[in-house]
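Peer 1: Below, each chain spelled out in residue letters.
Number of protein chains: 2
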Amino acid sequence: MTSSPPPAQPPLSADLPRTDLTRHRRLREQGSLDRADLDAILDAGFVCHLGVVVDGRPLVVPTVYGRDERWLYLHGSVASRSLAGDLPVCVTVTHVDGLVLARSVFEHGVNYRSAVIHGVPREVTDPDEKLVGLRTLTEHATPGQWSYARRPNRKELAATTLLALSLEEASVKIRTGAPDDGDGPDAELGVWAGTLPLTSTWGAPVPDPVLPPDIPVPEHIARREGARQG
Amino acid sequence: MTSSPPPAQPPLSADLPRTDLTRHRRLREQGSLDRADLDAILDAGFVCHLGVVVDGRPLVVPTVYGRDERWLYLHGSVASRSLAGDLPVCVTVTHVDGLVLARSVFEHGVNYRSAVIHGVPREVTDPDEKLVGLRTLTEHATPGQWSYARRPNRKELAATTLLALSLEEASVKIRTGAPDDGDGPDAELGVWAGTLPLTSTWGAPVPDPVLPPDIPVPEHIARREGARQG
Numbered sequence: 001m002t003s004s005p006p007p008a009q010p011p012l013s014a015d016l017p018r019t020d021l022t023r024h025r026r027l028r029e030q031g032s033l034d035r036a037d038l039d040a041i042l043d044a045g046f047v048c049h050l051g052v053v054v055d056g057r058p059l060v061v062p063t064v065y066g067r068d069e070r071w072l073y074l075h076g077s078v079a080s081r082s083l084a085g086d087l088p089v090c091v092t093v094t095h096v097d098g099l100v101l102a103r104s105v106f107e108h109g110v111n112y113r114s115a116v117i118h119g120v121p122r123e124v125t126d127p128d129e130k131l132v133g134l135r136t137l138t139e140h141a142t143p144g145q146w147s148y149a150r151r152p153n154r155k156e157l158a159a160t161t162l163l164a165l166s167l168e169e170a171s172v173k174i175r176t177g178a179p180d181d182g183d184g185p186d187a188e189l190g191v192w193a194g195t196l197p198l199t200s201t202w203g204a205p206v207p208d209p210v211l212p213p214d215i216p217v218p219e220h221i222a223r224r225e226g227a228r229q230g
Numbered sequence: 001m002t003s004s005p006p007p008a009q010p011p012l013s014a015d016l017p018r019t020d021l022t023r024h025r026r027l028r029e030q031g032s033l034d035r036a037d038l039d040a041i042l043d044a045g046f047v048c049h050l051g052v053v054v055d056g057r058p059l060v061v062p063t064v065y066g067r068d069e070r071w072l073y074l075h076g077s078v079a080s081r082s083l084a085g086d087l088p089v090c091v092t093v094t095h096v097d098g099l100v101l102a103r104s105v106f107e108h109g110v111n112y113r114s115a116v117i118h119g120v121p122r123e124v125t126d127p128d129e130k131l132v133g134l135r136t137l138t139e140h141a142t143p144g145q146w147s148y149a150r151r152p153n154r155k156e157l158a159a160t161t162l163l164a165l166s167l168e169e170a171s172v173k174i175r176t177g178a179p180d181d182g183d184g185p186d187a188e189l190g191v192w193a194g195t196l197p198l199t200s201t202w203g204a205p206v207p208d209p210v211l212p213p214d215i216p217v218p219e220h221i222a223r224r225e226g227a228r229q230g
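Top to bottom, those sequences are chains A and H.
The first sequence lines up with residues 1 to 230 when you count with the UniProt record's numbering.
The second sequence lines up with residues 1 to 230 when you count with the UniProt record's numbering.
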């Protein structure tokens, strides 16, 4: 991992690249090459699965992320032991939108949106970029929180490992809609077929039990109650 | 991957093992060694993130799974290209239960339940075990569906790649409850702190648009509407 701040770079292409890593080998009809789809999938979540190779074996850990136009910022402590060096990672973000219940078990599946990003992350060490990256992470999960909670001091900043992964080499897969066996012989079976949607929803804020009762829930948190996440 | 059916084996230990791969290196207070926690996390979901090493680089893909007492069954086609051989995998299942909103940005976090399973999967080729494994997968995601939908025929069975991964080497992490900075100096800041829960809920079944209107939604699907998932 390099420690220098990133040089100014041109914007990323609106089309996702086709590389050896991102080329869709299976279920090509579910692949998207639209960068807007990538951005939307990333913006709909805040926990990714980070894959690294440790002693030749895969390790996949959940961790929080945020993004800007070019970089995915990752809270790196969870994998810092595994990321000491210029090591490739794979970051996957998946939203499960429901079950696809077909007439035949063979055609069963899942409606989902998934993004896979490949690259070698750099550790962010420049204090200014680190603060910007942590703001990006914080605002990604909880918009409005950076200007509400106490921001990191110098000591906390030093104790935080932040990784930045380029959003250049990424691929997207999306499946939506009904099962695929509605026009085959199984359609005559009289079996119900369709989808069972799954939705993630924010609940009511739960105050810390030791919080003084006169501190109100701030508007930027309260307004999420009942809103869809993902 | 071996093709022989598994030999009869003693039950797994109620405690999860401490191995080089499962030992908790960070946030030990969040680690659980109770196999019942592992089972509960696996039962609360049906999509995992499967990590493999391809040409020395990590690849993480979402795929569906089911389990019995000893084996995690994985729909292997998504990674079959990457799993041609006795290759180690890492399977991670994560449920995100909400945001932990502390007084300071530094103490922010996520409430979650996560299981990580390490091992070398075997490809299930014995037709009887394959059918049992596919039933396990199907019933895991949609209880009641195996005896309702048309089951795989010989051709479909041959076209399906099913992997079985031992549940022996696994680790669990769980974080619940309020932020950790309620007893520190930041408690004087007057900042609201607590958690913002996130819940996954099954919606109303959506019939395939080409489904004849006289086919009713079966009870085992209809009854999930409004139920919590995860």
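Hints listed in this document are in silico derivations from the structure and should not be mistaken for laboratory results.
Keep in mind that a hint or two might mislead.
The list treats identical chains as interchangeable, and a pair is accepted whether it falls inside one copy or across any two copies.
[Said to hold, decoys possible] Here are the simulated lysine to aspartate or glutamate pairs, EDC-like style, with alpha carbons at most 16 Å apart:
hint, residue 1, residue 2
1, K155, D15
2, K155, E219
3, K155, E169
4, K155, D183
5, K155, D128
6, K155, E107
Peer 1: Taking the hints in turn, state whether each one holds.
Peer 2: How the hints compare with the structure:
For the identical chains of this complex, K155 and D15 are neighbours neither inside a copy (41 Å) nor across copies (38 Å), given an alpha-carbon limit of 16 Å. Taking the shortest alpha-carbon separations for K155 and E219, neither the intra-copy value of 30 Å nor the inter-copy value of 57 Å comes in at or below 16 Å. For the homomeric pair K155 and E169, neither the shortest alpha-carbon distance inside one copy (34 Å) nor that between copies (37 Å) is at most 16 Å. For the homomeric pair K155 and D183, neither the shortest alpha-carbon distance inside one copy (63 Å) nor that between copies (19 Å) is at most 16 Å.
Proximity of K155 and D128 under a CA criterion of 16 Å is satisfied intra-copy only: 14 Å inside one chain copy versus 60 Å between copies. With identical chains, the CA atoms of K155 and E107 are at most 16 Å apart between copies only, with a shortest distance of 13 Å across copies and 54 Å within one.
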